[in-house]
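*Asks:* Residue strings, one per chain:
There are 2 protein chains.
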Amino acid sequence: MIKRALSVTREANFAEWYQTVIAEADMAEESGVRGCMVIRPWGYGIWERMQRLLDDKIKATGHENCYFPLFIPLSYFEKEAEHVDGFAKEMAVVTHHRLISDGKGGLVPDPSAKLEEPLVVRPTSETVIGTAFARWVQSWRDLPVLINQWANVVRWEMRTRMFLRTAEFLWQEGHTAHATEAEAREETLRMLEVYREFAEECVALPVVAGEKPENERFPGAVATYSIEAMMQDGKALQAGTSHFLGTNFARAQDIKFQNSEGVFEHANTTSWGVSTRMIGGLIMVHGDDDGLRVPPRLAPWQIVIVPMLRDAPEDAAVVDYCKALQKDLAGLSAFGEPVRALLDLKAAKAATKRWGWVKKGAPIVIEVGGRDVAGGNVSVLRRDRLYREDGKLDSAVVAKGKFVGGAVAALEEIQSGLFAEAKARLDANIAPAADWAAVEAHFAEGAKTPGFLEVQWSKPTGAALEKVVERLKGLKLTLRNVPNDAAPADGACIFTGDAAVERVLVGRSY
Amino acid sequence: MIKRALSVTREANFAEWYQTVIAEADMAEESGVRGCMVIRPWGYGIWERMQRLLDDKIKATGHENCYFPLFIPLSYFEKEAEHVDGFAKEMAVVTHHRLISDGKGGLVPDPSAKLEEPLVVRPTSETVIGTAFARWVQSWRDLPVLINQWANVVRWEMRTRMFLRTAEFLWQEGHTAHATEAEAREETLRMLEVYREFAEECVALPVVAGEKPENERFPGAVATYSIEAMMQDGKALQAGTSHFLGTNFARAQDIKFQNSEGVFEHANTTSWGVSTRMIGGLIMVHGDDDGLRVPPRLAPWQIVIVPMLRDAPEDAAVVDYCKALQKDLAGLSAFGEPVRALLDLKAAKAATKRWGWVKKGAPIVIEVGGRDVAGGNVSVLRRDRLYREDGKLDSAVVAKGKFVGGAVAALEEIQSGLFAEAKARLDANIAPAADWAAVEAHFAEGAKTPGFLEVQWSKPTGAALEKVVERLKGLKLTLRNVPNDAAPADGACIFTGDAAVERVLVGRSY
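Chains as they are written, first to last, in my numbering: chain A, 1 to 510; chain B, 1 to 510.
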């Protein structure tokens, strides 16, 4: 059996494996502040790459970035009843603006500095951004308003898990206002498609894009769409959402405009977000028993050069050779950007560094020793094919020029290979289920890689929907989404026996 | 007299002019949340450019970005007495994590969801990052730790002014730990120099880099350095600071390591920050009576193309011509990046758009009408030379090819011209003052563009320094910094009459 770099395998304990990857790949750590994590350099570097690539797409579709306040006065929340019901249970509330000594060497909030109106730390910004939209929008000429912000938000979660559910997290939230329902609905779907494309092209994360059922809607939304990814344990991760808000928020916040006939109308608004949760998805889709594997488009460093030094006079020649290699690589362009090549000169053993980069998931690790320099070679380790069939490390000695000449193609191959692997797994683990019994059998105790089941249903609402949700809960299942590309219904609803109107995915979820 | 684009001139009322530029140039607005502003697209676009350029320099000097929690437990602050004294008076305190209905349609913090330990919204992150450093640093091999974070911070200011002093603001804060005092001091000065270079090269903002006197030190620092810029009203703006913290924070937070002899030592730490305040400096240094002038390196759009349309069939040809021009310009490279050229197709009159871009300060505005298309020309308006001597707009008709061929040189000229203009003003308004009477005379009631005075002093400390500070306060003056490149002292201290040890700048400040 091959000895792997991590102390726990995915098969032995997926949850523990996830935490181990996060620690060993230098992604994040507990901060000591309840529910908040420290995002470490490699993890934050991946987030910066996500930001750059997604931001380009958000700007290319006509949106501009702004920044809105962290704090939201309580009264803003009171206006949209459904929205506050959805969020009020888990918000951080600022009540004082000063500390004073408690007389015992400690500090306490100063009773004389109590805020007249408490402030909420934003859990999402519809209310505060809507208030700005109400100021900005007077005439149909002011529409559409197409805004995005990159920010931190806070939701007081009881049980937290790094990247997947933390009290504070980082995200982008887009907010738009339109003159007509049709335009706002088009925008909602446009951004869902931007998310699908970003997830699949950049994160190499295959997803199912579709509409969430009524019970899974964003509080206050008319329709919520999501991209759903499948983790290696078969569970679903909602990796991005796009909401059509109708005129619900516009009515609460008085976003109205004079149309071309001079009549006042409420705007139709949308909102959409992707967060650091996507990093959790990346780990659980691409990680293996040696650590993380980062798709080259997201890798802070795509190629890492590790010189094998011996504290000897020959070291200088090895370092010079590595510097020239780094320069050659940095002159290349992959995915429309300069190749990111690092020369790792930290004070540590070459083997320690090599395994460090394997665990971090750098796509290609190059080792260079005195013999490589003499022969004009490099030793190449590709993260996507780490071992040979005999279980030995698949490190190949290649002529330096040949490696440089093929480096861009190798990065492209790793990117598409990671996607293909995940896509094959997703496709293999979505199956139709003809009736409730089939669902029960599939998700029975001990079933492995349960994946998603596609079932036909009559799309019940209200109390009838609640009954369905309860029934699914008994199997620890939730409704994921109605895939945009699902076939039309042609049978009976597995819950009610009525004629089905569409196909919906069910699965276990994070 | 030339009719200018703004309703108020700098000379008539500098403070009102500043607010007017912010409004008319689409920079920011009041949010309705006390002390917090909304940063609008053009303002945020400038911040994004600042982030990109400064981040490149921070990374080039070996720092990695991370992200640390927004919330800091009270107990973290209690450890560093001087630090908490400096900040405790103005922090937002989170005391509850849930809201409930007040029974009258409103919301109140849920008394049953009171936090055991209140959380402070970070005013700066030394304490929480230091706690992480204590986990990360064990051996001399772990040093230096070179970290930066881009984040929002909150200081509960009583009087706020957009960009200059807001309760919430955006910044980067660098934090480093080193094995020796010498290395940490070197880092402190290295980052001061990075700030000077960034301010002068990118923001076209000439600054004086130097050490702040003892009374102006960051709470808990051993030494604080700053870059000081001079606004058009002669006042000083501290535009960036770099702090050598010695072992003060390391002792409070237990950041210690085993040196190469196996002995435990406390690390020496530094911190340094630049914030959205820099945008206030940009406005007050480069703005004029027609609005903002943005240095090309920071302009979200460097060249804006305004087609002059008449709702006529010829419009299509004008738009096509503009699109081709935009493509030509986007293919150019200025300051090592692709030229950012916008084609403004919004539904508004060409003259309205032109003046909108003038007020925003886009470096070059191109207008294209049917006659320009017929002649193969463009009408060019440069923001740095808006009017001819006769007071008419200096819009020049130029052959399209000639304009494109000279566009990069024009952008470079605007960038260096803005710097030269500001630098000449700074130099002209720093003067030596031989004695206290000269200081009094210079800053007498009604004195215009007071600028900075350089005085010799004996660098008093403690109570003697407090007396100096009080005396300066009588003239509304503060000690700015001791310029790194100041000549050695050669006279008497203007405050005490003792032999002077150095030269220090005094001035009025924001």
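Any given hint might turn out to be false.
[Unchecked claim] Quick list of in silico lysine-lysine cross-link-like pairs, DSS-like style, CA-CA up to 25 angstroms:
id, chain 1, residue 1, chain 2, residue 2
1, B, Lys-353, A, Lys-59
2, A, Lys-114, B, Lys-114
3, B, Lys-323, B, Lys-235
Since the hints were made in silico from the structure, they are not lab data.
*Asks:* Are the hints correct? Go through all of them and say.
*Replies:* Against the structure, the hints:
1. Lys-353/B with Lys-59/A: Holds - the C-alpha atoms of Lys-59/A and Lys-353/B are around 21 angstroms apart, at most 25 angstroms.
2. Lys-114/A with Lys-114/B: Distance of about 15 angstroms is within 25 angstroms: holds.
3. Lys-323/B with Lys-235/B: Violated: Lys-323/B and Lys-235/B sit about 44 angstroms apart, past 25 angstroms.
The structure does not agree with numbered hint 3 stated previously, though it agrees with all others.
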